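Participant: So you can see what is in the structure, the chains are spelled out below.
Number of protein chains: 6
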Amino acid sequence: MSALRPSPIAPTVDFERDGVQHGFLRLPYSRDDSAWGSVMIPICVIRNGNGAAALLTGGNHGDEYEGPLALYELARTLDPRNVSGTVIIVPAMNYPAFRAGTRTSPIDKGNMNRSFPGRPDGTVTDKIADYFQRELLPRADIVLDFHSGGKTLDFMPFCAAHTLLDKAQEEKAFAAVEAFSAPFSMRMTEIDTVGMYDTAAEEMGKVFVTTELGGGGTSRAETVRIARRGVLNVLRHAGIVAGAVEKTPTQWLDMPSGDCFAFAEDDGMIETMVDLGGKVEEGQVVARIHSTGRTGIAPQEIKAKMSGLLAARHFPGLVKAGDCVSVLAVEVG
Amino acid sequence: MSALRPSPIAPTVDFERDGVQHGFLRLPYSRDDSAWGSVMIPICVIRNGNGAAALLTGGNHGDEYEGPLALYELARTLDPRNVSGTVIIVPAMNYPAFRAGTRTSPIDKGNMNRSFPGRPDGTVTDKIADYFQRELLPRADIVLDFHSGGKTLDFMPFCAAHTLLDKAQEEKAFAAVEAFSAPFSMRMTEIDTVGMYDTAAEEMGKVFVTTELGGGGTSRAETVRIARRGVLNVLRHAGIVAGAVEKTPTQWLDMPSGDCFAFAEDDGMIETMVDLGGKVEEGQVVARIHSTGRTGIAPQEIKAKMSGLLAARHFPGLVKAGDCVSVLAVEVG
Amino acid sequence: MSALRPSPIAPTVDFERDGVQHGFLRLPYSRDDSAWGSVMIPICVIRNGNGAAALLTGGNHGDEYEGPLALYELARTLDPRNVSGTVIIVPAMNYPAFRAGTRTSPIDKGNMNRSFPGRPDGTVTDKIADYFQRELLPRADIVLDFHSGGKTLDFMPFCAAHTLLDKAQEEKAFAAVEAFSAPFSMRMTEIDTVGMYDTAAEEMGKVFVTTELGGGGTSRAETVRIARRGVLNVLRHAGIVAGAVEKTPTQWLDMPSGDCFAFAEDDGMIETMVDLGGKVEEGQVVARIHSTGRTGIAPQEIKAKMSGLLAARHFPGLVKAGDCVSVLAVEVG
Amino acid sequence: MSALRPSPIAPTVDFERDGVQHGFLRLPYSRDDSAWGSVMIPICVIRNGNGAAALLTGGNHGDEYEGPLALYELARTLDPRNVSGTVIIVPAMNYPAFRAGTRTSPIDKGNMNRSFPGRPDGTVTDKIADYFQRELLPRADIVLDFHSGGKTLDFMPFCAAHTLLDKAQEEKAFAAVEAFSAPFSMRMTEIDTVGMYDTAAEEMGKVFVTTELGGGGTSRAETVRIARRGVLNVLRHAGIVAGAVEKTPTQWLDMPSGDCFAFAEDDGMIETMVDLGGKVEEGQVVARIHSTGRTGIAPQEIKAKMSGLLAARHFPGLVKAGDCVSVLAVEVG
Amino acid sequence: MSALRPSPIAPTVDFERDGVQHGFLRLPYSRDDSAWGSVMIPICVIRNGNGAAALLTGGNHGDEYEGPLALYELARTLDPRNVSGTVIIVPAMNYPAFRAGTRTSPIDKGNMNRSFPGRPDGTVTDKIADYFQRELLPRADIVLDFHSGGKTLDFMPFCAAHTLLDKAQEEKAFAAVEAFSAPFSMRMTEIDTVGMYDTAAEEMGKVFVTTELGGGGTSRAETVRIARRGVLNVLRHAGIVAGAVEKTPTQWLDMPSGDCFAFAEDDGMIETMVDLGGKVEEGQVVARIHSTGRTGIAPQEIKAKMSGLLAARHFPGLVKAGDCVSVLAVEVG
Amino acid sequence: MSALRPSPIAPTVDFERDGVQHGFLRLPYSRDDSAWGSVMIPICVIRNGNGAAALLTGGNHGDEYEGPLALYELARTLDPRNVSGTVIIVPAMNYPAFRAGTRTSPIDKGNMNRSFPGRPDGTVTDKIADYFQRELLPRADIVLDFHSGGKTLDFMPFCAAHTLLDKAQEEKAFAAVEAFSAPFSMRMTEIDTVGMYDTAAEEMGKVFVTTELGGGGTSRAETVRIARRGVLNVLRHAGIVAGAVEKTPTQWLDMPSGDCFAFAEDDGMIETMVDLGGKVEEGQVVARIHSTGRTGIAPQEIKAKMSGLLAARHFPGLVKAGDCVSVLAVEVG
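Residue numbers (the numbering used here), protein chains in the order written: chain A, 1 to 333; chain B, 1 to 333; chain C, 1 to 333; chain D, 1 to 333; chain E, 1 to 333; chain F, 1 to 333.
Derived from the structure by calculation, the hints contain no laboratory data. Keep in mind that this is a model prediction, so the values were computed, not measured. It is possible that some hints are incorrect.
Same chains, same label: a pair holds when it works inside one copy or across any pair of copies.
[What the hints assert, rightly or not] Lysine-lysine pairs mimicking BS3-like chemistry, simulated, CA-CA at most 30 Å apart:
#1 K247 x K279
#2 K109 x K320
#3 K279 x K320
#4 K305 x K320
#5 K279 x K305
#6 K206 x K109
All chains should be modelled from the sequences, with the hints used to inform the complete structure.
Facilitator: This is how it looks when you write it as structure tokens:
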């Protein structure tokens, strides 16, 4: 029922107009420090005729930077004469979180990637999700959503798509991943899809591609280069930007089961025994958790439940019980 | 005058007793949630006879992990039969900051390395500094204080000592740096020494060695190995631990002038154009700061004022006006 | 379904009893600092026989003071012998917000005027709205809800009612506005009515009158006099209080379109170029936003999209992107 | 509909395995300081064959300690050879609240005992409630949920059960209360049962027993002894633990009407005129509330609306308008 | 030097005027929410001619209630015709802390009893201490300062004075303690006297008496009666209030050494094995600290280092490393 | 001694260079979110030869806007060809407070105008004060420091100077006030000068002029015009800017005694009975404080202790005991 209510978000751009437009999604947000305030989410539309449309997003989580760095730059530099169709760029999707440098929104603690399909009368995060669900996703043929590990995880750089029931759709997505040309490419099987932007796009039949390009709440020159090359490659692959895909080698990975993940059962100081990308044998100690209240206490050891590469790890020096400590992946293809 | 008042800190270890003792420096700290509470700073004393004494510290800043990871491990594993003299280990010097995972103390915002010589009637941080100044430093012949970049800076891994007026003292310190065997070794000329632990130790004539071994509020397997090898090497070099120094090659560096440092003049999202350890030419853009309030705005460019290696950089993805963006160093020797 | 559950709010007054009663709406609110605590919302009932009933409210937003100042005074001084019917006074409707001096509730950030029809099992704000929806509004024939600009907006003083589909109902409301006799009177066409108390009352067919009497989180002697005269005039007009309406001249205003509103697109320091009530020509600069990070930067200019009077403006000296900067109105009648 | 979605909680224990298992309910909880974090709720299962099952819980409110002290101890010491059937122990049901020492969850302010039946896609507190509703309660024949007054209330120690429509079920519950052998035993008639764990259990036909064993956010040696004896007695009474009930005398109490409760109408400093367990006559002053802004002001007196024993009282020295000041009970049986 | 600057505090009472005056110590305190604000500390002066003067204080720590309850009542009820001399009552010495219900000041975290002699240009707490040091203490012959355990400690009720070098002064203080007639009376030997109000008074040669009358951040009817009787007894004993001392039996206690105190070395949930006033033998377990992160872990035991009565204990259910767990005292006399 | 230590502040402008420079005072500030961060205080130097120097400041308190609005504009528009000498502009002196929109610094709660002469090794606010004391004030001949009422006070607009012992200096200051040409001009006799910037400047013999130009944490077009005209007038009067003073009429005022000020003795909702600039007779009620916990309570009345104009008043709708409620001034000359 609430789906019938119009979105409170007003765009200052016209999605049907050719050329480059830099504007905002204005979302009214009344609060103690601004009775008639709004959240102003930057949006850029670059259009040249009636071709295919790409929807490009960063800042789905607010502490991940490769995506925003690639997309603010793309919005500033992409010449519409090289475009055929439409490129919609929202470089910082959960803009309040992005401004705060936090994963979730400081306004409502909303995790954007668990808020779909959203609600027009929900929280600020819900309202943004609803606008993507009902206004932006339907306009797109291909969707690229940038992620990195954020402040608390670090990843080997990969582009990824999901295994899907619709194998034709899946095939298109994996082809786009291949075009992206990250050092690694991941086949992901999502177990818990509740609230994900990915699923929202896939259920509409869109070609959906995502990434994990580093983490720790920072970026590196190298990972930013991967992101910039990748987004152009995907647009070229889709025929929206002129020119050939700049292909570089990629290693395909798989996460075959829940044994990929290890979790801490105690608070403490973490010691990673293997660096990112390192090979791990089943039974090997991948991390130790040190109790710090006194000296002389033996650390807890966390052992690998399978063999593989260390694809991701807990980033901060301190760890809490329940935190994901490490993720292993296996090379395929 | 306040220097004559005894420290309120009570150790539960006996510095004159042989063997291994795991104990606390108990610092009374009355507060709303514990009227008769204390801060319990872990300390370990490993002693075997009347030889030289080393004072080893980590957690001077609470968000730096290579030092604590090396020192909790050393305290747990060092066999007193291999020791000749005394090893005093305080793996988390600013313990309240270390428990909170923050650079400064959550109690009083005290930056330990700007709090010397401390005060017995000051803040909690002041009282800890005073105890080191009056009780621990006088017991030591050699002092090793571990640092890394913390949550907001990232460093190429180096061990360092200061240029000193007393050249004999300086020479001993540089020899200890050489023994540490980090990948890089730094000659530092401190300009503003006010309140530093380093200076407090050096003014007492101690051999003082420090490090910067990474950063970002995390650690890597590789940097922890450097720290563990380094501390043992320094103790072997000093004759306190039996065995030969495990020497590996090191590249000496220098920071010749204030031109090493670049600062942001605007808030925004930072893009590092060069990764840590990369070569930079004078005039090259080392970083760009992107305005994020709307798309289509050209970033501010920050250019190198000299040529060198990128020795350190701002870590988080967002930057504020006044933040140090990059530090350059030159290879010497 | 939840509408069938009884309200958890228990009044300590009897709405059917003649005379003056000063009491509470007691709303159980279990929380960390009071396991069996309650919110105690002051209410006053002044009744003399079976005549018409007025429901008078202030503090719908907690940082607006003309309403509470008029209503606490009225509750203290209105002699039931001068009354014919019932006057129900809730001088601080969102009482937790009023006590905190904030627009929204410090308990749940609830904006009372966006919370109707409320829920008996929702937040504290939802529960209050539900009690008005199901218990208080049904008792009333005429409803007067006081507003001012609060801490972040400032208004020319006006009384207002909405254009309604039921023209007989609308006419009664505008007649009550005329009786109020504020310096200005406003015809309002509400676009987004979701959750408003106004709409809840109007949908029940009540005569609903509201005000904007100043702002900035303060009040002036003059605006308090307007409020006190206005509420008595409305009660006299309704025949609930004896005596003639004290009529003074009023200027009717209209807000013809969305061009009335201007919004900031940048953070900064705001400079109002016209004071409240001043005349503005289309294209005139009504405000400038100064960047403050350095000197020498030209301010952004905000221009009027129509001609009119400056009816409202952003109040605090700093402004954020998305804030409403100015509201224009045109004189009619 | 949401009830059909599986719980996100994964237990690390096997409810069908004999012996003692110490494990966790792992509840994924993504947040700013841990992107892939979890809440780890300790659980212990002690099983010996196919007999009856008891579900034992403490920490429903996080600042009540008799229950957790009895249950961590029971989990550590109960020998499965003395068990016939299954004992499921969750000593700190609202574990985030328990770790914070607060009544409600610091994550979402959830009051566990007002969150049933919960939701698998709600807040952290909702998800825990849902897991009890759908996974744990169905496994149990008898349910014992420990409460005390928490930081803001203090109670005479009693065990209690509710009057129920199903008199056979009620009789079993009162028999279990009698077996518990607290100094006092209470017949409770719940008025507002919305969201209670008690009601959730009773509606499934379980034998449900609860307690109030002191309060103030502390425990006493004596009340802990009552709790430990009580839980063993209930398990013996249910035939799950071998041995006879250790019966001690108990005085039955009743709370006959809303006159049992008195509430503050003003903020101030509270003075209890009668200590816990003291006899009170109707009209007697049970508490005074002192205004503290200046000296010389007469306190407000709060008088008993009935005669009885002081069964509970407001604990902190300061009181707010709306707080429950005192609860009276009458001796029966 | 700062001592020569006058206090910024302005009293609204005249210390030389006969009769009862209820007024304030007004302390200017400019802050964000009140540019020209003040702290208004209630004070009452009851004077009848030129006799001896008593200075009576509560709320030295803001979460202790027996003193304020006795002193607001005394200020309201003491008839100056029964007085000979002057009674100065400051029932809530650290008034900002008292209003917040916290041990220390919410403004500056100042612990009043560690802030003497204070400073006229220091924090708000420093300024209050300075006013007592230079203006109030010099006016007094006898000083009674009420304490209880506050929110984090609980005490057996006693009145106390210090052993002093001036044995005549000490004798007068112990005689006043005897007159107070608390159930217990304590001889205290203060080790660390830095900043104490007690010491400030004693160094001026005043007769200084203090108490510990309970704790937990609450009060009981019984402990309030002890406080009220005690303060009148001390005033009668001093000849300031007419009438005979109401003597009741008291048991003298002593705390012979540092072995009285036990401290926690771990965080956890505390279990008191002995209730307040209970007898303890050397080596007996007085408390256990339970780890709560998982079930099945043996608690840490804290053993008595001497025999005695449990005179005080940690109050909250959770405990942190460094907290004082228990205090033992021995019966003397 | 600390005065001999150099300031840690580094200016990026050269005070001896002709022309316009827009730069920063860079103050190193190490903190948890930026280990090597700085505060960047904007400064503008406009110089043309060796004439007299003016030091112009706003944002001494961070929530006062007329000064910053006049000074950012002046810095942007003043043509050095119209200057003879030097104009140093620091439009936001307590820059951290100004950015936060608060009276005092969010870093250290420092009130800049109570922090002089500052300390090079103190808080951030102390360091800024020290830089003005030792580096900027000595460069100036005339000093103009803008103030308004801030968020919690509102003033009739006036320019002011202090009565001084040095009557020649006083005369020059009053002449500059007269040149400023505010609607009102005030002779101020400061009682408590501790820590004031005013006094620091006056003690160096500088001509010091200040203002109060409105308040409430906002500005009006009219008061900004007064500020802009005033600063140019003062510069023209001093011969630093070319052209004649634009003289407009001013009414001189005096605050003859402490009877000018009235303070609240209770918390509540304030009602101003007279608007700013209104005439008040001795004994007249200037404000009432309403208790809001229940209806039906008579307000407290605050009466004028002398006759005069209402020169300033408490601004927010709520008031706390100790707040300054009103300031009266008398017309002179």
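Participant: Which hint numbers does the structure go against, in order from smallest to largest?
Facilitator: When the structure is compared with the hints, none of them turns out to be violated.
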